[in-house]
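Starting from the structure of chain A, add chain B where the hints point.
Chains as they are written, first to last, in numbering that gives the first Met the number 0: chain A, 0 to 396; chain B, 0 to 234.
Hints were generated in silico from the structure; no laboratory data involved.
Small disclaimer: the values here were computed from a predicted structure and weren't measured.
Please note that a few of the clues may not be correct.
Said to hold, decoys possible - Quick list of in silico lysine-lysine cross-link-like pairs, DSS-like style, CA-CA up to 25 Å:
id: 1; chain 1: A; residue 1: Lys342; chain 2: A; residue 2: Lys354
id: 2; chain 1: A; residue 1: Lys14; chain 2: B; residue 2: Lys141
id: 3; chain 1: B; residue 1: Lys118; chain 2: B; residue 2: Lys141
id: 4; chain 1: A; residue 1: Lys387; chain 2: B; residue 2: Lys78
id: 5; chain 1: A; residue 1: Lys180; chain 2: A; residue 2: Lys270
id: 6; chain 1: A; residue 1: Lys270; chain 2: A; residue 2: Lys342
Here's the letter readout for the chains.
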Amino acid sequence: MISLAGRDILHHWAKYVFTGVGLGLLIGVTLSMAGIYRGMVDDAQVLLRSSGADIWAVQQETLGPYAEPSNLRDDAYRAILGMPGVAEASNVTYLTMQIRQGERDVRVMAVGFEPGRPGEPPFLVAGRRIARSHYEVVADVRTGFRLGERVRIRRHEYEVVGLTRRMVSSSGDPMVFLPLKDAQEAQFLKDNDAIVNERARTAANPGLNRPGVPGLLDAILVSQTASRSVNAVLVRVADGHDAEQVAENIRRWKHLEAYTRVQMEEILVSKLIETSARQIATFLVILAIVSAAIVSFIIYTMTLGKVRELAVLKLIGTRNRTIAAMILQQSLGLGLIGFVIGKTVATLWAPYFPKYVLLLPGDAVRGLLATMVVCAIASLLAIRVALKVDPATAIGG
Amino acid sequence: MDVPAIEVRGLSKRYGEGDAAVDALKGVDMRIAPGEVVGLIGPSGSGKSTLLKCLGAVIEPTGGYMALGGRTAFDGGWKIRDLRSLRRDNIGFVFQAPYLIPFLDVTDNVALLPMLAGKSNREARRQAVELLEALDVGHRAKAAPSELSGGEQQRVAIARALVNRPPVVLADEPTAPLDSERALNVVRILNRMAEQYRTAIIVVTHDEKIIPTFRRLYRIRDGRTFEEAGEGRAA
Numbered sequence: 000m001i002s003l004a005g006r007d008i009l010h011h012w013a014k015y016v017f018t019g020v021g022l023g024l025l026i027g028v029t030l031s032m033a034g035i036y037r038g039m040v041d042d043a044q045v046l047l048r049s050s051g052a053d054i055w056a057v058q059q060e061t062l063g064p065y066a067e068p069s070n071l072r073d074d075a076y077r078a079i080l081g082m083p084g085v086a087e088a089s090n091v092t093y094l095t096m097q098i099r100q101g102e103r104d105v106r107v108m109a110v111g112f113e114p115g116r117p118g119e120p121p122f123l124v125a126g127r128r129i130a131r132s133h134y135e136v137v138a139d140v141r142t143g144f145r146l147g148e149r150v151r152i153r154r155h156e157y158e159v160v161g162l163t164r165r166m167v168s169s170s171g172d173p174m175v176f177l178p179l180k181d182a183q184e185a186q187f188l189k190d191n192d193a194i195v196n197e198r199a200r201t202a203a204n205p206g207l208n209r210p211g212v213p214g215l216l217d218a219i220l221v222s223q224t225a226s227r228s229v230n231a232v233l234v235r236v237a238d239g240h241d242a243e244q245v246a247e248n249i250r251r252w253k254h255l256e257a258y259t260r261v262q263m264e265e266i267l268v269s270k271l272i273e274t275s276a277r278q279i280a281t282f283l284v285i286l287a288i289v290s291a292a293i294v295s296f297i298i299y300t301m302t303l304g305k306v307r308e309l310a311v312l313k314l315i316g317t318r319n320r321t322i323a324a325m326i327l328q329q330s331l332g333l334g335l336i337g338f339v340i341g342k343t344v345a346t347l348w349a350p351y352f353p354k355y356v357l358l359l360p361g362d363a364v365r366g367l368l369a370t371m372v373v374c375a376i377a378s379l380l381a382i383r384v385a386l387k388v389d390p391a392t393a394i395g396g
Numbered sequence: 000m001d002v003p004a005i006e007v008r009g010l011s012k013r014y015g016e017g018d019a020a021v022d023a024l025k026g027v028d029m030r031i032a033p034g035e036v037v038g039l040i041g042p043s044g045s046g047k048s049t050l051l052k053c054l055g056a057v058i059e060p061t062g063g064y065m066a067l068g069g070r071t072a073f074d075g076g077w078k079i080r081d082l083r084s085l086r087r088d089n090i091g092f093v094f095q096a097p098y099l100i101p102f103l104d105v106t107d108n109v110a111l112l113p114m115l116a117g118k119s120n121r122e123a124r125r126q127a128v129e130l131l132e133a134l135d136v137g138h139r140a141k142a143a144p145s146e147l148s149g150g151e152q153q154r155v156a157i158a159r160a161l162v163n164r165p166p167v168v169l170a171d172e173p174t175a176p177l178d179s180e181r182a183l184n185v186v187r188i189l190n191r192m193a194e195q196y197r198t199a200i201i202v203v204t205h206d207e208k209i210i211p212t213f214r215r216l217y218r219i220r221d222g223r224t225f226e227e228a229g230e231g232r233a234a
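Isolated chain A (complex conformation) (with noise of 0.2 Å):
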C-alpha cells in the first residue's frame, strides 16, 4: 500500500516546509529555552567544580556565598587548616559589580582568591596567572577584556593578565579573579568621603577618644578601616578523609556553616535557580500548547481543504483507519519537518546567547518523542473531521 501521508507531503511540499519553518522556529525556542536551564545547571556545576573545593565554610546560618551574603573573619581558615582531614583552606571573595570597560559597563562577578590555593581558575586559555600581588586579574572571555588591556574596580586600575573560559557565577556574569587583598579592599573599604565621616564620629566619642590615652583613638581608626572579612573559606579534604564528616566537624567545632559539594550544588541547583527552572517549564508548557494549537489548526485545514478528496475515498472503499493513518503520519510528518529545523536553528543560535546554552542529546530525543506525541494530539481534531465525512458527498444532489 502507497503512502498517501507521503504522496500528499510531496504534493504540497512547499507548504508543509513553510508550515514546518514556522513550528520549527518554536521548537528551536522550546529547545533553547531547555538548553538555557541546563546551562544554568551546568554553570553552576563549572563554578563549584572549577573552584577545587570540597567543602565551602561560611557564615552560621547562611546558604553561603552564591545564594546569600557570607561574612567570615580572614584568619578562620587558619583554625580550619589544623583540623583533622583538611589539606587546604583558603579565602575567597565574591562582589558581584559593574566594571568599566571603555564606554561600556560590563557586570561581572569579582572574585578574590589567593594565588596557588582552592578558588583559583583551573586553567587559562591565554595570558599568565597572577604573578604580582596587587592590581592584576584573570578574567572570562565572556568579559570582552582583552589582555593587556587596563580596567577599573573601584578605586584603582587593572591590568588583564590572563584570560580563562566557562567561568561565569550562578546568575550567568562573568568571573574576573584578582588578589584577595584586592578583593577585600574592592568589597568592604568604604569610601573616602564616609571614612572621614567615621573618623569624625569617632573622635567626637568621649569613650573612644579619652585624654590621657593618646595611643586608642589610632588604633580604633585603623581597626576601623581595615578590611578582614572574607566570604567563605574553601577547603580541600584530605584523601582517605570523608567530606560530610569534615564538614561536620566544621560546623561543630568552629561555629560556622559547612557545606558539602553535593550540598552546595543542591543549594545552587534547587534554591537558587529554582525559580528560573519554574519559569522556564512554565514558558515550555505555553509553547507545546502553541505549538499544538498550531500543528491542530493547519492539520485541521489541510482536512477540510480534502474534503471531497475524502468522500471519494471512503466511498471507494478506503478503510477509516487508513484515512486516519493519513492524516496522523502528516501531522507527524510535519511535526518531524518542524523538529529538524528547530534542532537546526537552536544549534546555530545557541552561541549567540549572552548565557551559556547547552543542548543535550538527551533532551534532544525529549523534544522529538514531546513534538511527536504534541503532532499525534493535534491530528486528533482533523480525525474527527475527516472520519464524518460522508462518502454520500462524492455523489451529486
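Just chain B, lined up with the frame of chain A:
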C-alpha cells in the same frame, strides 16, 4: 436472462419522520443484466441521486429488496455487514467531476483500489496500466491529474471505477462537463468496457446528447421508475 447484475424490487427511501417525512423513492424496480448500459433520467428532485446513493450502499433504503452482482445486499435491512468492502469490490463510481486524488499520479489513482483490496503495489499498478492503455490514456500514466485534459481525467476516473472488475458501475452525470464529441466518446468507452468486462453500468444523466445512445432507459419521476426502450443510436 442471466443472473442480473442489479436487481431492485420495491425499493423505497424516506427522509425524516412524521409530518416532515419525505418519500424520495416510492417503490423502485430495476433489473439490469451484466454488460448492459442503461440510462437513468429524470428532472431535478425526482430521486435520481437518492437511488444512486442507495445502489451505491452509501445510504440505507427504508424498504424493498436490492441485489448487486447476484448477492442480496438489502432486504429490509443490510444483508452485508461490511458496506465498505461491498462498495470496494462490487461497485465502481464515476462522478460528474473526475475527483481524482490530486496527490497521486494517474497510475496510483487507478491502482489505489486494488491496493485497498489487498493486492501488491506491483500487481495493482500492472492492472491499472493495462486498463489505462485500454482507455487510451496509458501515455499519461505518470502524469499528475492536474496535467490532464477534462476528457483524459474522465477516462482515468472510468479506469478507477473498473479496475476491480466490479459487476456494477454507477456513473453520475459523467458527461456533464464535456463537449458533444468528448461526451459521446465517454459513452463509447462505457459501452466498450461494459461489454468487455460484463459490467452493468447505470448512467444518470440530463445530457440530451447521450440519451439517444441508450438501448434501455429508466425514467424516474416522483420517486418511481418507469422503464422505456431507448433509441440505441450508435455513440
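Are the Cα atoms of B:Lys118 and B:Lys141 separated by 25 Å or less?
Roughly 20 Å separates the two Cα atoms, so the pair holds.
If you draw a straight line from the CA of A:Lys14 to the CA of B:Lys141, is it 25 Å or shorter?
23 Å, holds
Straight-line Cα separation of A:Lys342 and A:Lys354 no greater than 25 Å?
18 Å, holds
Quick one, are A:Lys270 and A:Lys342 close enough, alpha carbons at most 25 Å?
30 Å, violated
A:Lys387 and B:Lys78: Cα distance at most 25 Å?
Roughly 24 Å separates the two Cα atoms, so the pair holds.
Taking only the CA atoms, is the gap from A:Lys180 to A:Lys270 under or equal to 25 Å?
Given that 25 Å is the threshold and the Cα spacing comes to 31 Å, the pair is violated.
Consistency note: the structure conflicts with the earlier hints numbered 5, 6.
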